[in-house]
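4 protein chains.
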Amino acid sequence: MSTRPLFVVAGIGNGSGTGAAAARLFAQKGYRVALIARNADSLNRLAGEINSAGGEAAGFPISDYSYGATLSVFDNIAAHKWSSAGSSSLRVALWNAGSGVWKPFLDVTEKDIKTSLQTNVTAAFAFSRGAVLAFKQNDIDERGKRGTLLFTGATAAIRGNVTTSAFAAGKFGLRALSQSLAKEFGKENIHVTHAIIDGGILTDRSSSYRDEAWINNPDLRLDANSIAKSYLYLVEQDRSAWTWELDLRPAHEKW
Amino acid sequence: MSTRPLFVVAGIGNGSGTGAAAARLFAQKGYRVALIARNADSLNRLAGEINSAGGEAAGFPISDYSYGATLSVFDNIAAHKWSSAGSSSLRVALWNAGSGVWKPFLDVTEKDIKTSLQTNVTAAFAFSRGAVLAFKQNDIDERGKRGTLLFTGATAAIRGNVTTSAFAAGKFGLRALSQSLAKEFGKENIHVTHAIIDGGILTDRSSSYRDEAWINNPDLRLDANSIAKSYLYLVEQDRSAWTWELDLRPAHEKW
Amino acid sequence: MSTRPLFVVAGIGNGSGTGAAAARLFAQKGYRVALIARNADSLNRLAGEINSAGGEAAGFPISDYSYGATLSVFDNIAAHKWSSAGSSSLRVALWNAGSGVWKPFLDVTEKDIKTSLQTNVTAAFAFSRGAVLAFKQNDIDERGKRGTLLFTGATAAIRGNVTTSAFAAGKFGLRALSQSLAKEFGKENIHVTHAIIDGGILTDRSSSYRDEAWINNPDLRLDANSIAKSYLYLVEQDRSAWTWELDLRPAHEKW
Amino acid sequence: MSTRPLFVVAGIGNGSGTGAAAARLFAQKGYRVALIARNADSLNRLAGEINSAGGEAAGFPISDYSYGATLSVFDNIAAHKWSSAGSSSLRVALWNAGSGVWKPFLDVTEKDIKTSLQTNVTAAFAFSRGAVLAFKQNDIDERGKRGTLLFTGATAAIRGNVTTSAFAAGKFGLRALSQSLAKEFGKENIHVTHAIIDGGILTDRSSSYRDEAWINNPDLRLDANSIAKSYLYLVEQDRSAWTWELDLRPAHEKW
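Residue numbers (the working numbering), protein chains in the order written: chain F, 155 to 409; chain V, 155 to 409; chain Z, 155 to 409; chain A, 155 to 409.
These aren't lab readings, by the way, just hints derived from the structure by calculation.
Check the hints yourself; a few may be wrong.
When chains are identical, the list treats them as one kind, so a pair holds in a single copy or across two.
[Said to hold, decoys possible] Quick list of in silico lysine-lysine cross-link-like pairs, PhoX-like style, CA-CA up to 25 Å:
hint : residue 1 : residue 2
1    : K290      : K265
2    : K408      : K290
3    : K341      : K257
4    : K408      : K268
Produce the entire structure from the sequences given, and follow the hints as far as they go.
Quick look at the structure:
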C-alpha cells in the first residue's frame with residue numbers, strides 16, 4: 155500500500171486567497187490536503203470543492219490560533235481516515251494564517267498586540283513544531299528533503315511603518331522564526347522558506363473595496379494562484395539550491 | 155520653580171548592566187531617574203547608590219512585565235513626590251528590559267515563547283505608550299525634541315539563528331516597533347532609536363561564567379558604561395540629524 | 155514565419171557552471187541561445203554541444219568585459235543568421251559574468267579593484283542596456299512580460315568580509331543596479347531579478363581543489379543545473395507575482 | 155616635542171557641507187586638519203578660515219579622484235611642514251568625496267558609470283589604504299584605537315531606485331568596502347564606520363534651489379554641523395562599543 159504525500163495549510167480565509175489557492179494546486183499535484191482554519195464553513199466548502207475536482211481534502215477547524223489548539227490539530231490530522239487507501243506522509247506545511255492590524259500607534263490596544271503576536275508568532279511556533287516533528291519521521295525524498303515548511307510573510311516583515319507597529323511586530327517575529335528554523339533544520343534536510351508578499355492580493359475581500367482599474371489589471375495586484383505556484387516551486391527545489399526567502403510583487407508595484 | 159528632566163529606564167537587572175549604567179550617567183547629567191524592574195532590592199540598592207552620589211533616583215518595582223503593569227507604572231512615576239523641588243518632565247525613556255532564551259527549537263516551550271513575546275514586545279508596546287503620551291505633553295526643547303525613546307536591541311534583532319527562535323522572534327518584533335514609532339512620531343519631534351548590541355556585555359553575571367581573558371580584555375566585551383554613553387549621544391542629537399539605528403560591538407568582535 | 159525566443163547569457167567559464175547550465179536548459183525549452191564569453195574555445199565547445207543535442211546556439215566571443223565590447227555584442231547577436239528559419243526575439247538575458255578576488259585588503263591592488271568594478275558592475279550596466287533596449291521592442295507575452303533580466307549574485311552582494319573588499323564592492327554594486335532596474339522597468343513589464351548564490355558550486359574548477367566528501371555530497375554544494383532551474387522559474391513567473399531577489403544555498407550550508 | 159593628532163578629510167565641496175563642517179569641528183578639538191579636494195580655491199579658503207580661527211589646516215588639492223592621485227596625497231600630507239611644532243599622528247580620516255548622478259537608466263552614460271565607480275569606490279579604496287597604512291603605525295590611544303576611518307554614505311547605499319542606478323552602484327560598493335574594512339581591521343584596533351545620510355543637507359548649493367520653507371525649517375533638512383558632531387562621537391567611542399553603521403535624517407523626514 156503506497157504512502158501519499160500530505161499538504162497542510164493553516165489560514166484559508168473565505169477560500170479566495172493564498173491558502174486556498176495553494177490547497178487547490180497541491181491537490182492537483184497529488185497531495186492529500188489538510189485545511190486548518192477557524193471558519194468551519196469555509197473549510198467545508200473548500201474541501202468539498204477540492205474533492206469534487208478529484209482531489210482529496212479534509213477540513214480541520216480550530217477554535218482559535220492558540221498554541222495548544224494549533225499544535226493539537228496535527229494529532230487530528232494524523233488520526234484522520236482518508237477516503238482513499240494508503241497512509242499519509244506530511245511533506246509540505248504552509249503557515250498562511252495571519253492577523254493584520256493597521257492603526258496609528260496610540261489607537262493600538264493591548265488586545266491588538268496580543269492578537270497579532272498570538273496569531274502571527276505563537277501559533278506559527280506551534281504549527282512549526284507540529285510540522286517539524288512530522289517531517290523528522292520522513293525519509294529523505296528524491297529531491298533531498300524530509301519536508302518543506304512555508305511561511306507567508308508581508309512587506310511588514312521587513313519594514314515597520316506608521317500604521318503597522320502591531321502587525322510588523324508580528325510579521326518580523328515570524329520572519330525571525332523562519333530564519334532560525336531554516337538554519338537549524340536545513341542540516342536535517344528540512345527546507346524552511348519565507349515569502350515576502352509585497353502588494354495587495356486579489357481576493358473576494360479586496361475586490362469588495364478596490365476599484366475596477368485595480369481589480370482588472372493583473373499588473374497591479376497579486377494573483378493568489380501565482381503565489382501558490384511560487385510555493386510549489388519552492389517545494390520542488392532540490393537539496394543543492396534552497397531558497398530561504400524571496401519577495402513577490404506585481405509588475406507595476408511601486409516599492 | 156523649574157522643571158527637571160526625567161529619565162525612565164525599565165530593566166536594570168542586578169545593577170551591573172546597561173540599564174543601571176544609563177541610570178547613573180543620566181543622573182550625573184542632571185536627570186531625575188525613575189527605575190523600573192521586577193527586583194525591588196536591586197532597585198532600592200541602585201536608587202540609594204545614585205542618591206548617595208548626589209543624584210535623584212527612585213525605584214518603581216513591578217510584579218511582571220505585563221502590559222497593564224508596565225503601562226500603569228507611568229502613573230506611579232507621574233505621581234511620585236521627588237525630594238528636590240520642581241516638577242518633572244519625562245524627556246528620555248529607555249526600554250532595556252528583555253528576556254533571552256537560547257534553546258534548540260524543539261526544546262522551546264509555549265511558556266518560553268510567551269515570555270519572550272510578552273517581555274520583549276508586548277511590554278515594550280506598553281512602555282512606548284507611556285513614554286509617547288508623556289512626551290506629547292512636552293514642549294520642543296532646544297535640540298528640537300519632545301523626548302527620546304531608546305530601545306536596547308541585540309544581534310538577535312536582525313538575525314535568527316539555530317538556538318534563538320524564541321528570542322529572535324521577540325527582538326525582531328521590538329525592532330519593528332521601534333521603526334514604526336520612529337516613522338510615526340518623528341513628525342512630532344519625538345526621537346525613537348534602536349541600538350543593536352552585538353556582543354557580550356561585562357556584567358556581574360557574565361563575569362561569573364566567562365574566563366579571565368575575556369573579562370580583562372576591553373577589546374573583547376562591551377562595557378555597559380560605553381553603551382550608556384552611546385545612549386546619551388543619541389539623546390543629544392539635534393533635530394536635523396537623528397539616528398534610528400546603530401550597532402555597538404567590541405573592537406575585536408568577529409561578525 | 156514565426157519568431158523564436160532568444161536567451162542571451164554572458165559568462166560561461168569553461169562550460170561546467172551556472173551560465174552553461176542555464177544555456178543548456180533554455181535551449182531545451184526552445185530558446186535560441188547566444189553565448190557571450192572571453193574564451194572562444196569554451197564558447198564553441200558549448201555551442202557545439204547544444205547544437206548536437208538539437209538546440210540552437212551560437213558563440214559571441216568578446217575581447218574583454220569593457221563597456222563598449224559588452225554593449226556592442228548585442229549588435230552582433232541581432233545581426234546573427236541563425237540556421238533555423240524565423241526571426242529572434244530577445245526574451246531572457248542572464249548576466250553571469252563576474253570577477254572574484256579574495257585577498258586581505260592591503261594586498262588588493264588598483265588592478266584588482268578596477269577589474270572587479272569593470273566586470274561586476276560596468277559591464278553589467280552595458281549588458282543591461284543591451285537587454286533593456288531589446289526588451290522594449292518586444293510585445294508583452296502571455297505571462298505579462300517583455301523580457302526577463304537575470305543577475306547572478308553572491309553572498310558578497312549582501313555582506314562584506316575580511317578578504318572580500320574588492321569583490322563585495324563589485325557585487326554590492328551589481329545588486330544596486332539590479333534593484334534600480336527592477337523598480338524602473340517593472341512598470342514597463344520588464345522583469346529584473348537577482349539571485350544570491352550563497353555557497354560553493356560544483357564545477358570542473360571547484361572539483362579540482364575540493365575534497366571528495368564535498369564533491370559527492372549534494373547537501374553541501376550547489377548544482378549549476380539547480381540554479382538554472384531557479385532561473386527558469388523566475389522567467390516563468392507571471393506579471394502578478396515577480397521576485398526581485400532570492401537566495402540559493404545547499405541544504406546543509408551553515409549561514 | 156609632542157605629537158599632534160591629524161584629521162584628514164577628502165571632499166569639501168565649496169566649504170559649506172559635511173566635509174568642511176567636520177574639518178572645522180576637528181580643528182576646534184585640537185586636530186591638525188588636512189583638506190583634500192579638487193578645487194584649490196575652496197581648499198585655500200577653508201584652510202585660511204580655520205587658521206584664522208586659531209586652528210591649523212592645510213589644503214592638498216588633487217587633480218582628480220584617481221586611485222594614484224588619491225593615494226599619493228597621503229605622502230604629501232606626511233611630508234607637510236606644519237607651522238606649529240611637533241610631529242603629526244594621523245588619527246581620523248573621513249572619506250566624504252562622492253559623485254552623484256540621478257538619471258533614468260537609459261540616460262546613464264558610460265562616463266557616468268565610470269565616474270561614479272571611480273570617485274565613490276576606487277578612490278575610496280585608495281583613501282582607505284593611505285589611512286590604514288598610517289593608522290597601523292600608531293600606538294593604541296586611551297580609547298583603544300589606532301585610528302578611525304569614517305565614510306559618508308547615503309540612502310543610495312542601501313536602496314537602489316529608479317534614477318539612482320549609477321549612484322547606488324557606487325554607494326553600495328562603498329558600503330561593502332566599509333564593512334569589509336571594519337571586520338578586517340577591528341582586530342587591529344582600527345575603527346571603520348559608515349554613516350547613512352538619509353535626507354538633504356543644507357548647503358550653499360541646496361539653498362540655491364530649495365524653497366524657503368525647507369531652508370528655514372531645521373526639522374526638514376540635515377545640518378552639516380550636526381553630521382560632523384556625529385562623526386566626532388564615532389571617533390570618541392571607546393574600544394568596547396564601536397558602531398559600524400548609523401543612519402542620520404531630519405526629524406520630519408519621511409522614510
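Item to check | Indices of hints not satisfied (ascending) | outcome: Result: hint 4 breaks, nothing else.
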